[in-house]
Amino acid sequence: MKTEINSMTSRQRVLAALSREPVDRTPVCNPTSVATVELMDLADASFPEANRQPELMARLAATGYTELEFDTIMPVFTIIQESSALGCKIQWEQKDNWPTVKMREPIYEDVDDINIPSDLLTHQDTKCVLDAIKILKKEYGDEVAIIGKTMGPWSLGYHGFGVESFLLMSLDDPDKTMQCLDKLKKVTIDFGVAQIEAGADALTLPDHATGDLVSGDYYRRYLRDLHTEFVDRIPIPLILHICGRTVDRMEYIAQTGMSAFHYDSKNHPQESIDITQDRISLVGNINNPETLFARGPEEVRQEVYKNLDAGVQLVGPECAIPLQTAVENLMEIPKAVRDWHKERVAQN
Amino acid sequence: MGQIVDIGRRIELVPMDSYFHDITIALYQQQPAIGPSFLVHTYSRIEDASQRIQFVVDAMQVLGGMALTELGLLRFSCGVDHQLACKRVFLEACKSDPTQLVESRPNTIVDKKSNRNVTVLSRGNGRYQVTVDGDETGKERRVSAITGGLIKLGDMIATDEKNSDQVVFSCGRSHDALVGLLLVRAPNVRAVVREHQMTASRGVLSSPSQQE
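Residue numbers (the working numbering), protein chains in the order written: chain A, 1 to 348; chain E, 349 to 560.
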């Protein structure tokens, strides 16, 4: 690791860390949302409109860099943009809550129901993302890493079939489940490639084979090869995001060739690094509900240090932060990273 | 580059103000030389947002008996933060209808659970006594519930077993307006806790597996 702090731009720093190349300091990265209700006021860009209008989406996302001093800008706050384009019913909610797919009103019952609409990339809610990335690329392209997001087929399966139905199908009929994933992967690839063309520097790929519902073996059987295929077909650094305790699948995740894994605070930084070693970068894993939301800067700093001490390559919140998170807690993350590096330089 | 400056530690938040364009209003605590002080703040730049903030500040002075410093911060005259009580004053001020005159709450309320009048009397040195009218049956239990409510909402302290109907502020100073405000919610603290939990749980994203 270099010792001269701040000799790289944020963009250079993030892209280097995603490739596990030397960096001047550990980048602060948000593969998922850091939007808060206070930042919405500051940017005059509130939910739900900031999820549907590109100018507002870009303006709110930019505060992650201009105000919080993260090294990334991530405009895709939600996990429902593609699902809206696929025809799922969306509960758009208000400023203080997340839009969600109404999974009790599923749009698929069988594999034959899956038809990728021709307007997938021109639908308001996917086009909004593409246009927001273009705006951000034009304004911040050289200095900061723009991160997009394309949902994986497992998550899209939850949205289209409903979580329970999809999981039952995966138990009862693995072949059919594979067919579903195979059809839905086109959404992941097409939307991902479109974001690259719009100017994204990297993509988060959430695929919610979460620790609470799906085993590590499930991940290996259903998703490892699919994720390896994404690495080949979406030519940009990919950051896989899976919530929950995932150490039982980190070995398989490390085999995919993904650039990074955005990992949850349920996994200890050191045990995670011990598994992934130098095969994939880790991003995370500051706890959201207990630390960022409910505690103060001192506790945030402790978790940042824990990640840095373990050698985690990019530091940031574990997932999309609660919308009521205090700004001073978020600003503590880059401050703590800079201080940790200064302390190391001083020690040497 | 950034517009955010250090304005202290945020201790309470109203994510959507129903009286003014759904702006977010926050209460920040600072520690200037004069002692713990509080700032009501919004990042909204909507026209007249500052007037809305001024209304909340004015309402907190009336409802909580708080004073305004030269720097525009709020504080209790005793110099102690009474943080929990201050948060309650802030939340109640944000809930006050701006078209109505804000007045300090009386020291007597009708307790809906027992249909009795409850009065809180100042006994000096920050000590307050809870009294409930009507017959003796169940009276002690209501007094106990309401003193418990004042302790939980205002971080007040129980005095001693001999005076179980009394509570006291740690500063040893009187806060009549504040006690009047706390008294309104003291008979039903569970509802306050439920409301707080519901507000706090909004905006926390759960993974698809946890959604409906």
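In short, the hints are calculated from the structure, not lab data. Glycine residues also receive a C-beta, built at the ideal position from the N, C-alpha and C atoms. Hints are supplied without guarantee of correctness; some may be wrong.
[What the hints assert, rightly or not] Footprint (simulated), chain E over chain A, 3 or more residues, beta carbon under 8 Å:
no.	segment
1	17-23
2	35-42
3	317-323
4	326-340
[To be verified] Straight-line C-alpha distance at most 30 Å; calculated DSSO-like pairs for lysine-lysine:
no.	chain 1	residue 1	chain 2	residue 2
5	E	510	E	500
6	A	95	E	443
7	E	443	A	335
8	A	95	E	435
[As the list claims (entries may be wrong)] Reference listing, derived: stretches of chain E covered by chain A, where coverage requires no fewer than 3 residues with Cβ under 8 Å from a Cβ of chain A:
no.	segment
9	365-379
10	390-398
11	419-425
To see whether the hints hold, each was checked on the structure:
1. 17-23: That given contact is violated, which follows from only 0 residues of the segment 17-23 of chain A lying within Cβ reach (below 8 Å) of chain E.
2. 35-42: holds (count 6)
3. 317-323: Result for this restraint: holds, n = 4.
4. 326-340: holds (count 4)
5. E:510 with E:500: 20 Å, holds
6. A:95 with E:443: Cα-Cα ~18 Å, so holds.
7. E:443 with A:335: Roughly 36 Å separates the two Cα atoms, so the pair is violated.
8. A:95 with E:435: 22 Å, holds
9. 365-379: holds (count 4)
10. 390-398: It holds, with 5 qualifying residues against the three required.
11. 419-425: With 0 residues in contact (Cβ-Cβ under 8 Å with chain A), the coverage given for the segment 419-425 of chain E is violated.
In summary, the structure is inconsistent with hints 1, 7, 11 from the numbered list given earlier, while agreeing with the others.
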